[in-house]
Amino acid sequence: MPENEGSNSSIVLRRVTGDDGAPRLTITGSCTLAALGKRLQPLSAELNNEAANPELRWDLTGVRQMDDAGAVLLWRAWGNQRPRHLRLRREHERLFDRLEKIPAPPAPVPRDLLWPITVPGNAVFLLWEHLTCLIILSGQLLLDSIYLAGHPAQIPWREISANLYRTGAQALGITALVGFLIGIVLSYLSSKQLQMFGADIFIINILGISIVRELGPVLAAILVAGRSGSSMTAQLGVMRVTEELDALTVMGIPHSLRLVLPKVMALGIAMPLVVLWTSAIALIGGMVAAEIQLGLGYQFFLSKLPDVVPLANLWLGLGKGVVCGMAIALISCHFGLRIKSNTESLGEGTTNSVVTSITVVIIIDAIFAVVFSNVGIR
Amino acid sequence: MTNGNYVIAVEGLYTRFGRHVVHENINLCVRRGEVLTLVGGSGSGKTALIRQMLGLETPAQGTVRIFGEPVHGRQHKQLQYMRNRCGVLFQKGALFSALSVYDNIALPMRELRTLDEGMIRNLVMLKLKMVEIDTKHAIRMPAELSGGMIKRIALARAMALDPELLFLDEPTAGLDPELSDGFVKLIQTLRTELTLTIVMATHDVETLVALSDRVAALDEQRMVALGTLREVVNTRHPFIAKFFCGERGKKILENNRYNL
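Keeping their order, the protein sequence lines are chains A and U.
The working numbering applies: residue 5 is where the first sequence begins, and numbers increase by one.
The working numbering applies: residue 1046 is where the second sequence begins, and numbers increase by one.
Just so you know, these hints were derived from the structure itself, not from any lab.
These figures come from a predicted structure and were not determined experimentally.
You can take every hint at face value.
Computed list of lysine-lysine pairs in DSSO-like fashion (alpha-carbon distance at most 30 Å, straight line):
| no. | chain 1 | residue 1 | chain 2 | residue 2 |
| --- | --- | --- | --- | --- |
| 1 | A | Lys105 | U | Lys1230 |
| 2 | A | Lys196 | A | Lys308 |
| 3 | A | Lys105 | U | Lys1181 |
| 4 | U | Lys1137 | U | Lys1287 |
| 5 | U | Lys1287 | U | Lys1230 |
| 6 | U | Lys1181 | U | Lys1137 |
| 7 | U | Lys1230 | U | Lys1181 |
| 8 | U | Lys1137 | A | Lys344 |
| 9 | U | Lys1174 | U | Lys1230 |
| 10 | A | Lys42 | U | Lys1122 |
| 11 | A | Lys105 | U | Lys1174 |
| 12 | U | Lys1137 | U | Lys1230 |
| 13 | U | Lys1296 | U | Lys1230 |
| 14 | U | Lys1296 | U | Lys1137 |
| 15 | A | Lys105 | A | Lys42 |
| 16 | U | Lys1137 | U | Lys1174 |
| 17 | U | Lys1174 | A | Lys42 |
| 18 | U | Lys1181 | A | Lys344 |
| 19 | U | Lys1137 | U | Lys1122 |
| 20 | U | Lys1174 | A | Lys344 |
All chains, full assembly: derive it from the sequences and hints.
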């Protein structure tokens, strides 16, 4: 396999003095990127040294193979021009012809000196843009709902039920696990404190009010925001990348009606059910821990619960579920539709969507706490 | 099959995706310095065969060797060396959408870690000039480019490390005839400068006639013909009759009769 070996043998530099007494540099072997490999850096320095002598006669006729990288290596050593004395093979002539006509690289974009002002300014504008877009999207959804009320045949039942299954039924496992563990932890810690005062019985009040009114809805909403919110954003984002959104537009199928509305409606229905489920499991977890820690019987716990937790708390929790669910779906879809057709934007959009959803869930919770501060607490 | 003259050797290859059989007993060798064209109808497994050669799929049975060594079960370092000697032009370009045109082409060069930024700048500009992309497009993002430009930039990226072995998946699909001719000329020029081995999958009879040294025809999971264009055209098989002797095929073959 002589040829095979030949293509792998690297470049060889030989310095000789020619018949006329002038210094000559003959280069033989392969002058390709694959053959040069790690020798590239030292070779570059060596060639630079040689090129310092303008009278040097370069003989490249022994070069078996040369590619662009090899040519660029020599070209840079020569200072971006041909040396005065150069002999090379005809087929390599073209490489250097091309290098002579190489266009200048594009100028780098200069850094804006006003960035301390423009960066926060742009952030404010971006926030404003998000707010207006969200309001427009919700308005569009309202118009769509009014339209669908008049044309019930066009309600996208299939999409709604698919979303119900994905965001509701498939979320049951993870919410149950998290709810149960939180219930146990909360019950265990509280019962330790209550035991000190001999107020064991109040464990039911603490667990009942905190889980039904606060922890159940917030836990479920945060989990659903991370789970379903991210998947909604990613789904819409990929549809943008693969031009599926454009395909829907040209078919005359509005995005808001077929993509956003079913998601918002489905999560508005599924979320209170998930809240109910999470609260129930968390209460069971708390009940188990209370039995172990304080010896509080299950039957006693269950019979006492309705007495100490007014029903209003349950409705409040479910109401939070509906509002949070619709807000999560709306925000996720908003970010999904804003994604541009590149992978970086997809990742960024999904992150922003989840972070915003969770923040908004907490904000909604705070608003509920303030507005309904007199409801359901004796 | 350790002969140095074979760059790729495929032996008894079976490919299955679940229950769906794509290839049955494919035997194929690619010689150093030749252009081998894979033809076949849609879904005949041209792309799958190229993906097998690249090691992106695992054969259900049989072996694929590149540069005399099996694609699967190599050491990481060897595999990397092999990958640096191969360039791939994907059907849809597969440019990195988060990187600009310049960075897309510079990426494989930077990954080598032997080239300095100055050399990379010169090389990227050379490659862009080679595919006739204006410098002002170098800072644009792939999403802002037309289909033809994406294809040419993807070729520039495939050629970034001056590979010995080039895989082209539908190189001229989606290009207008002028660009398509330019592409063929470009490949021909590259072949005079470097010993370039090319494996190409194409539907375009014109590109096929202009470039290929040998043709492999795939139909219904099997390879139905392998040989020079003349040999393949003279093979009696319904697929080949349909592919080459349709209206378009006939005209192009007649225009290039001296090639046969």
